[in-house]
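Position chain Y against the provided structure of chain V, taking the given hints into account.
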Amino acid sequence: MTEPVAVTGLGLITPAGENTGATWDTVCRGAGTAAAQDPALAGLPVGFSCRVPLSRDDLDRRVGRTAWRMSHNAVLAVLAAREAVHDAGLDAPTWDGDRVAVVIGCGLGADAVREEQARRLTERGADMVSALTIPQIIPNMAAGEVSIDLGARGPSLAPATACASGATAVAVARDLLTAGRCDVAVTGATEAAVTPLFTTGFWRAGALSRRADAVTGASRPFAADRDGFVMAEGAGVLVLERAADAATRGARVRALLVGCGSTSDAHHPTAPAPDGRGAEAALRTALADGGLAPHDVDHVNAHGTSTPANDAAESALIARVLPHRPSVTAPKGVLGHSLGAAGAVEAALTVLTLQHGTVPPIANLDAPAPGFDIDCVTKEPRRQDVRVAVSHSFGFGGHNVVLALTRVS
Amino acid sequence: MPDTYDTIRSILNSAFRVPDDEIRPDLTLGQLDLDSLALAELVLIVHERFGVKIDSAYASRSTTVAQVVDHLDTLRAGGTGAVTSS
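So the sequences go chain by chain: V and Y.
Counting from 1, one number per residue, gives the positions in the first sequence under the UniProt record's numbering.
Counting from 1, one number per residue, gives the positions in the second sequence under the UniProt record's numbering.
It is worth saying that the hints were derived from the structure and are not from the lab.
All C-beta atoms in this analysis are idealised placements derived from N, C-alpha and C, irrespective of residue type, glycine included.
Watch out, some of these pointers could steer you wrong.
[What the hints assert, rightly or not] A few chain Y residues that face chain V, going by a derived Cβ cut-off under 7 Å, partial list only:
(1) Phe16
(2) Asp21
(3) Leu37
(4) Ala40
(5) Arg61
[What the hints assert, rightly or not] Residues of chain Y placed beyond 10 Å of chain V at every Cβ, according to the derived structure:
(6) Arg9
(7) Leu27
(8) Glu41
(9) His47
(10) Asp55
(11) Leu75
This is chain V alone, in the form it adopts within the complex (with noise of 0.2 Å):
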């Protein structure tokens, strides 16, 4: 059992909000986000997606100066790490910046730099080529972006777990933290990938919905007739300290982080192993670490990306090791699947419901598809004293990452 840590801030910019407040708010109303005809993918197979509700020149605007210099993914999350840190109450400039760590995971990177420049080298020449392209394209560059702008001298590292980042960076934090490398680990990731590039190479891969005539409607968990994910966009931060730390400092801390686990399937680049082995062996991992028994769980937030084959897995594996029947949510049938961004932006949403006893609807749902025995929750937000909670992602490459958390007592 490792010690559990606080997390005391939280800091989302996702499409359903400019801020954590907002994005609770939305999510908890169970409706889709995506928006038609996005113009980054006119002529596209599939052109719709989901993007945070400002535009590049409002969120340059909140970062200020440096803004000029960074991608997409970047900005989103400094004005996101930017709000987890003023949230937990911590002032950048005055802190001990060798003690802070940052931890920002991506999946894919700046993808729409790396499309731009390629098409400006063949089509104009070296001399056109901007000098950012380096800079913004490499995947670690958010959080060497967050270091800058809080001067977080720590540690700093940028985990690469596809779908699963986000959770793989809330779980090397949390490390750092135990292992005493830093006092204070503002963690999570950021994804900017809707491209012409990246969303035809998922539509290729089959993994995106087709439902181009009922957008909001197509990011649909565990429903019967899912089809597949929605592309989006978006960053979550969260900020964690040792819970000794945060109380003698007397933090308010919105939910403990208890436990981590980290498998590989060792299976298949993109399908999850079919008996679900190492998604259970994360999640068994996860409890234990947290001392925690899988009867223990009241809540779980699901991977849930709206492919037959993930939700398919998922809904075996919560059956077979949670078969009690939690409450389930999918928040990406709101937010679309926002890739290495997602894992850290449902940590935090699990740390709302945790802190507000409020468990979000799947929006799209009336019921979960037959065969599919599982509590999900529809409709309308389900009021429920959430104890414990899991939070899983599942990543290509067969990366299993569950975070285990636990309320406030």
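Chain Y in isolation, oriented as in the chain V frame:
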């Protein structure tokens, strides 16, 4: 070419987020917080906008905005673009 200064001012404001009221002809690019990455990007943007390439001697933190403007006007007029003191 009186539009050159206005265009440079617009580039500094829109591309590099330099507040409009902080931009003055006598300030150096360094005083406007343009670092090495920004200077390289400025050369590219100016090349796209004016069709001429700033000489590397002018893509410097010690060059004033007025010097950049003069240099560009010289280049656009077909001159040598030689460095002049302010």
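Against the structure, the hints come out as follows:
Because the beta carbon of Phe16 of chain Y sits about 5 Å from the nearest beta carbon in chain V, less than 7 Å, this interface hint is met. Hint status for Asp21 of chain Y: violated, given a least beta-carbon distance of 14 Å to chain V, over 7 Å. For Leu37 of chain Y, the interface hint holds, the least distance from its beta-carbon to any beta-carbon of chain V being 5 Å, beneath 7 Å. Taken as an interface hint, Ala40 of chain Y checks out: its beta carbon lies about 4 Å from the nearest beta carbon of chain V, inside 7 Å.
A distance limit of 7 Å between C-beta atoms decides the matter here; for Arg61 of chain Y the minimum to chain V is near 15 Å, and the interface restraint is violated. No beta-carbon of chain V comes within 10 Å of the beta-carbon of Arg9 of chain Y; the shortest separation is about 15 Å. No Cβ of chain V comes within 10 Å of the Cβ of Leu27 of chain Y; the nearest lies about 15 Å off, and the non-interface call holds. With a minimum CB-CB distance of about 5 Å to chain V, Glu41 of chain Y fails to clear the 10 Å threshold, and the non-interface call is violated.
With a least CB separation of 7 Å from chain V, His47 of chain Y falls inside the 10 Å interface cut-off, contrary to its annotation. The beta carbon of Asp55 of chain Y is kept farther than 10 Å from every beta carbon of chain V, the shortest such distance being approximately 14 Å. Distance to chain V confirms Leu75 of chain Y as a non-interface residue, since its nearest Cβ pair spans about 15 Å, more than 10 Å.
Hint compliance for this structure: hints 2, 5, 8, 9 are not met, and every other hint is.
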